[in-house]
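First to last, the protein sequences are chains A and B.
Residue numbering for the first sequence follows this note's numbering, beginning at 1 and increasing consecutively.
Residue numbering for the second sequence follows this note's numbering, beginning at 183 and increasing consecutively.
Quick caveat, the hints were computed from the structure, so don't treat them as lab data.
Source: prediction; values computed, not measured.
All residues carry an ideal CB built from backbone N, CA and C; glycine is no exception.
Incorrect hints may have been included.
Simulated coverage check for chain B against chain A, where a stretch passes if three residues somewhere in it have a Cβ under 8 Å from a Cβ of chain A [claimed, not checked]:
id : region
1  : 362-373
2  : 407-420
3  : 499-507
4  : 546-560
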Amino acid sequence: MIEVRFHGRGGQGAVMASRIMANAFVRIGQYGASFPMFGFERRGAPVTAFGRFDANPVREKTQIYHPDIVVVLDPSQRFFEKVYSGLKSHAVLVLNAALPFETQPHENLETAGIVNADQISIEEVGRALPNTCMLGAFAATTGHLPLESLEAALEDYFQGSRLKANVRCLRRGYEEAAVGHF
Amino acid sequence: MQARSEQDARIMVITGNAAAAYGAMLCRPDVVATYPITPQTEVIEKLFEFAASGELDAEMVPVEGENSAMNVVTAASMAGGRVFTATSSWGLAFMYDAMLAASGTRAPVVMVNVNRETPGIIAVSSGQQDMISTRDSGWIQLVAEDCQEILDQVLMAYRLAEDHDIQVPVMVNYDGFYLSYLAGKVEVPSKKRVSDFLAVLNEQPKRQILLPGQPLGCGTHGILQGFVELRYKHVQAMERAKAAFDAIDQEFASQFGRGYGGQIEEYRTGDADIVLVASGSMCGTIKTVVDRKREQGLPVGLVRLRMYRPFPSEKLTQVLKDRKAVGVVDRSVGFGIQGGPIYSEVCSLSAKFGGASVLSFIDGLANTDVTSDHVEQMLDLLSAAARGEPCPQVTWVCMEE
Chain A
1 MIEVRFHGRG GQGAVMASRI MANAFVRIGQ YGASFPMFGF ERRGAPVTAF GRFDANPVRE
61 KTQIYHPDIV VVLDPSQRFF EKVYSGLKSH AVLVLNAALP FETQPHENLE TAGIVNADQI
121 SIEEVGRALP NTCMLGAFAA TTGHLPLESL EAALEDYFQG SRLKANVRCL RRGYEEAAVG
181 HF
Chain B
183 MQARSEQDAR IMVITGNAAA AYGAMLCRPD VVATYPITPQ TEVIEKLFEF AASGELDAEM
243 VPVEGENSAM NVVTAASMAG GRVFTATSSW GLAFMYDAML AASGTRAPVV MVNVNRETPG
303 IIAVSSGQQD MISTRDSGWI QLVAEDCQEI LDQVLMAYRL AEDHDIQVPV MVNYDGFYLS
363 YLAGKVEVPS KKRVSDFLAV LNEQPKRQIL LPGQPLGCGT HGILQGFVEL RYKHVQAMER
423 AKAAFDAIDQ EFASQFGRGY GGQIEEYRTG DADIVLVASG SMCGTIKTVV DRKREQGLPV
483 GLVRLRMYRP FPSEKLTQVL KDRKAVGVVD RSVGFGIQGG PIYSEVCSLS AKFGGASVLS
543 FIDGLANTDV TSDHVEQMLD LLSAAARGEP CPQVTWVCME E
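Only chain A is shown next, with the shape it has when bound in the complex (with noise of 0.2 Å):
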């Protein structure tokens, strides 16, 4: 099983981003199992979101403490502690970001993928809305996810002149990530 855990801020979302990989997780035959922890719903306000990825069906319902994946979906994350807190060792990371590290974050970091998803989303959507770019980040940085079923899953959600510029996103952002390993 893959367990992925999602940091970002109201509105960024990191919730539809992980609905969104377990909907393509499951367009590949598996099984997919995502969800938030907040109280109230808030903008700005920090998000934590769980996504559990597996050929069989996920029965597990709690929060996840010792990730594979941490997708950080909000920059200013970058260099929070409880973002890595409980990696597995050989762990990954898909980083919203401007800038690559300078120093590895955590020693169980192995690899990590960098993308400007703020920069790519304001330039194809118009604001800021990094998700599905760093859905794409994911694809390139796991190999997990064939980047078609993603661009499948995008139809559940979005429509007409949206889901083109939220393709395109997802495409930058599997083009455009800067995989490399501590």
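Got chain A sorted already, so can you dock chain B onto it with the hints?
Chain B alone, transformed into the frame defined by chain A:
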């Protein structure tokens, strides 16, 4: 996405809330009256989307509060309509008197309640205290474990509520946050298949209805024998609901390929010395721990309560017979009683199932996770109890020292 056959079902990735809304829509209610509350709001949003797109042809009544929601659906139900509403926590508390009217007049209302902690301490978080606090409202109460079961239980709820031999309102409970917002794979059956499943309701005798211009006394036998008789009949109907639910579950399994076990689900209980009794979303996690313990050779199992009211006393007595230790996990507290509310009910059966030590575990209050570690702690304590070691009767697993 493709299902086995597009005509039979669609595979979708939807939340528990959306699953509840799909379940309701597929049963084609005549009247839907709702008021939003976290974490239930998405149910209503989805239902209004269905109404706007024409998928749902119901009279949608956006009321000014939950009390009105319950009164609207009760009245519509008494007039012969199929009805639906949804609520949670504060909302459930605010409709309590109307809930009593619904059950007292035997209106076959179906409602989902998205479990959340109750008013007092402002907790926007999961917990079954709301369900527990309506224990004696005279409603049938079901509890689901995952998104698929939420949808399936809504379909079964209509069969149960509108059964001519039952005619009692049904509440389908599922954990807020853990299930309300959980996006997972759900098979959404076609309207045709759901109509087939509900068709038997059309073949039974017509129930008594109350219509404008046709005066009729309902719930008016308020003293002495009239009251006693109605209460007795209501209690008897609740008893009949147990076997009826088992039968509906079996029929559901034959029609949709998914069976859950009726009043209770037994998970690896066959030769288990140690059994946990639990309900709701935590059971998924417990099953994974049971599997792990089994691999280590520890004979443990889970009994999942799918029906909270009527309480499956006979089934539980049967399955808990001759175990060494039984643990009951409550996602709620019992004020002024020793241990959790479901624990205390299981204890009331212990003379019948005999022998076993019965321990109470309070866990998962207010979005504290029922983690695998917690479940292991419970099983460790039960193992000690099974060996005859002294153990605390009540453990607040979710409370940090």
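Tested hints:
Interface restraint, the region 362-373 of chain B with chain A: holds (5 residues with C-beta to C-beta distance below 8 Å; minimum three). By the rule of at least three residues with a Cβ nearer than 8 Å to a Cβ of chain A, the coverage given for the region 407-420 of chain B is violated, with 0 such residues. Note: the region 499-507 of chain B has 0 residues with beta-carbon separation from chain A under 8 Å; the three-residue rule is not met and the coverage is violated. Three residues within the 8 Å Cβ limit are the bar, and the region 546-560 of chain B against chain A gives 5, so the coverage statement holds.
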